[in-house]
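> Protein chains in written order, with the working numbering: chain A, -10 to 415; chain B, -10 to 415.
If you're looking for bench data, these hints aren't it; they were derived computationally from the structure. Beta carbons are placed, not taken as given, at the ideal position from N, Cα and C, and that holds for glycine. Be a bit skeptical, because a hint or two may be false.
[As the list claims (entries may be wrong)] Computed, partial: chain B to chain A, Cβ under 7 Å:
no., residue
1, G154
2, L393
3, F403
4, V407
[Unchecked claim] Computed Cβ-Cβ distance ranges for the label pairs, DEER-style:
no., chain 1, residue 1, chain 2, residue 2, range
5, A, R399, B, P400, 21 to 31 Å
6, B, S49, A, D238, 30 to 40 Å
7, A, A335, B, G136, 29 to 39 Å
8, B, R61, A, R101, 30 to 40 Å
9, B, Y39, A, R61, 33 to 43 Å
[To be verified] With a Cα cut of at most 30 Å, we get these calculated BS3-like pairs of lysine-lysine:
no., chain 1, residue 1, chain 2, residue 2
10, B, K53, A, K53
11, A, K342, B, K367
12, A, K96, A, K365
13, B, K394, A, K394
14, B, K377, B, K53
15, B, K376, B, K342
16, B, K367, B, K274
17, A, K394, A, K274
18, B, K342, A, K394
19, A, K274, A, K53
20, B, K394, B, K365
21, B, K53, B, K27
2 protein chains.
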Amino acid sequence: MNPYYYNCFNCHSQFSASEIEQDLHYLCPKCGKADKNKPLRGILLISYDYQQLKKSYDRSFFLKQTVGQMWRYPLLWPLQPPEYAKDPPFRKIEWKELFSVDLPATKMHELRLDDYSVKLLDETNNPTYSYKDRASMLVALKARQLGLGAVSTASTGNAASSMAGICARFGLQAHLWVPENIPEAKLMQILAYGGQVHLVQGDYDTAFDLSLEISQRMGWYNRNTAYNPLTMEGKKSGAFDIFIGLRGDLPDYIFVPVGDGVVIGGIYKGFCELQHLGIIEDFPKLIAVQSSGSNALIRFIQTGKFEFLPAETIADSISAGVPRNLYFAANAVRESGGFALEVDDADIVESQKLINEKTGILVEPAGAASLAGYLKAKSVDKIDPNKKSMILLTGSGLKDIDSLKRLHRRPDAFRTEVWQERYVGE
Amino acid sequence: MNPYYYNCFNCHSQFSASEIEQDLHYLCPKCGKADKNKPLRGILLISYDYQQLKKSYDRSFFLKQTVGQMWRYPLLWPLQPPEYAKDPPFRKIEWKELFSVDLPATKMHELRLDDYSVKLLDETNNPTYSYKDRASMLVALKARQLGLGAVSTASTGNAASSMAGICARFGLQAHLWVPENIPEAKLMQILAYGGQVHLVQGDYDTAFDLSLEISQRMGWYNRNTAYNPLTMEGKKSGAFDIFIGLRGDLPDYIFVPVGDGVVIGGIYKGFCELQHLGIIEDFPKLIAVQSSGSNALIRFIQTGKFEFLPAETIADSISAGVPRNLYFAANAVRESGGFALEVDDADIVESQKLINEKTGILVEPAGAASLAGYLKAKSVDKIDPNKKSMILLTGSGLKDIDSLKRLHRRPDAFRTEVWQERYVGE
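Next comes chain A alone, as it looks inside the complex:
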């Protein structure tokens, strides 16, 4: 048995697993609201019997784990009985081991990271090439446990391609609601996995609403980010992997690109659980990095009010006029002692270029926003440069070739004469 509960972040009601899952609730049955163009109200957080789990999952247990092997601690996932255990072959679907690239001093200097105290958490080689896989995996296992054959999600691109890929693997149908301006590589990726694409004439927020409405009518399992509690739950695994990969020597700051606020919320939740288990005492400060063209969280933290502004940024994965997980994300920033800061698209693009050219890790614009945030925080003395930082690289650049095309023009055809002039002289 693996008891777990759903707790409302808004009204603090607690529900049993069956109360929520049998009737396919996603938000709090008492106060939950998914209003058009508003952040979600009453998101549900999953909790476990930490006092009980402490006995098996202590610090030394976690220090023995391997990055990405999330099924090795089954009682920290809301699957009952642990779904994957029924089907051994699926145990092999795990993240890859490429974690926290260390760079030599010269590279650190070129990346303007200056010293060895900065690490990169590289999620670009995940199964579908983004951080979203951490959520999709758990959602797919839950869909299977619930006996549902189809999963539906709204997405700017990464969540959809992730869900489609993981569904392909699990034999589930995937319905993906994406804005018409989705980057072509992501669209093709979804189609290649056999996903059912619904191109929405409108933005992500329109897609969000449509997907809710139709999932409900069709009885499809909905994976909308923040709306489905398992999205943040799956993303908590990032915190565990940071702890495991760094052998418990946690960074002081973690820079996280923020759109809907689910990655930062998930990482926060993961560290909370490590605290509940008595495994860590101090908490890394979580730094939310947003594009100045999509900065609702920053404005909310400043004013205490949510105001809808259409989002416009080159970093499509963190483009969210309505961060659905706004309240919990703001809480994560505040409670961890961190802060939110914005960077321009130009900074993002420059950081993308830096990472690509200096580390050989190909990132998409959103995946580089965290480095832009780190550089800015350092330049305006918002962080202590002697403390340790970690920078999240959330998605592969191959998923957004168009953004690369803006950076690089196709070279002219090679001509011996030109080459000789340039390299050999007259």
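Got chain A; can you put chain B on it based on the hints?
Just chain B, lined up with the frame of chain A:
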């Protein structure tokens, strides 16, 4: 000390490391030839003192290793003193752990694999998303050891994007000679890594010759596949990983997509070394799969003669009118007890779709040729279906979005009326 030698595959002369490396020889100094439009003559194979190495690298040592951690057995690499050891941060550049996906029975059936005896070796999540990284890594380390600041290579796309990415990581300049018709995603990937692209008006063979000529004049280290002995050497790591990942329980057949013949040659060499070390007795049969539009190896095995025919296949990564490693690849097939077989582009595309949709692993056409080969071999009774097979998936589908566009059309915009008709009825 780590003594190793270079042996000519053609005239069997042996050379010391310094004889070859000091003057930047790539082919045999006695009989080597890189003639236009001909397979290479006198490729060099690296050998070690296996009797000596046996003492430390025995079966139980290898069974304790982890997939992709090639630097854990430093004496099996031609670096002296082991170059990576000088610079601890670089030890972290390793492959990821995503290896040999197990699939449940239903998936096996859908993929027409029928039983659990088939495994997939998934190389699509490597650092630059293809098998080529295994070679590029070793080449980059050697360039650094030789004090050369630039690496040059001809490529249809994957070798170039791999070399550019690895060079970015190592701080080396990369010069890439690619045909003008290179898939756009690969071109953008190279440019993103900061690689110097030379777009060649002509095919891969033209690019090959140009890159040799200019590397030599400029003193750049040349990574042309097969030509540089370290390419096959790096690719031998695939054999070690197969042994390690399967805990010594080797497959009977390994299906390998073949263009230039360096992957299959490398895997063969790796198994030979495991045999020299007394770690394995029986050898997997290596099955070379080629596209019918680029089948020089098949014709060579049938007739004993190389005849140049221009290559034309959707699988650009195995498109090679002149397989540079022809003689050694033919030897690998023969000596391992395997065979070569050809598949049509239509079979390749169908297998690509099967893998994408049924496993959630995104492969490029060349990466799927091996499954097409397996299915064909089974249908014409060329293999014993009760024996174990392994299928190599060599590169990610994100690198060739154009090939996906041929498979999938952009869907129409979502319209509620249409949806209602389709799903809900009148």
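> Would you mind marking each hint as holding or not holding in the structure?
Hints, verified against the model:
no.: 1; hint: G154; result: 4 Å, holds
no.: 2; hint: L393; result: 4 Å, holds
no.: 3; hint: F403; result: 4 Å, holds
no.: 4; hint: V407; result: 10 Å, violated
no.: 5; hint: R399/A with P400/B: 21 to 31 Å; result: 28 Å, holds
no.: 6; hint: S49/B with D238/A: 30 to 40 Å; result: 32 Å, holds
no.: 7; hint: A335/A with G136/B: 29 to 39 Å; result: 37 Å, holds
no.: 8; hint: R61/B with R101/A: 30 to 40 Å; result: 33 Å, holds
no.: 9; hint: Y39/B with R61/A: 33 to 43 Å; result: 37 Å, holds
no.: 10; hint: K53/B with K53/A; result: 17 Å, holds
no.: 11; hint: K342/A with K367/B; result: 47 Å, violated
no.: 12; hint: K96/A with K365/A; result: 19 Å, holds
no.: 13; hint: K394/B with K394/A; result: 18 Å, holds
no.: 14; hint: K377/B with K53/B; result: 23 Å, holds
no.: 15; hint: K376/B with K342/B; result: 25 Å, holds
no.: 16; hint: K367/B with K274/B; result: 15 Å, holds
no.: 17; hint: K394/A with K274/A; result: 35 Å, violated
no.: 18; hint: K342/B with K394/A; result: 27 Å, holds
no.: 19; hint: K274/A with K53/A; result: 25 Å, holds
no.: 20; hint: K394/B with K365/B; result: 25 Å, holds
no.: 21; hint: K53/B with K27/B; result: 43 Å, violated
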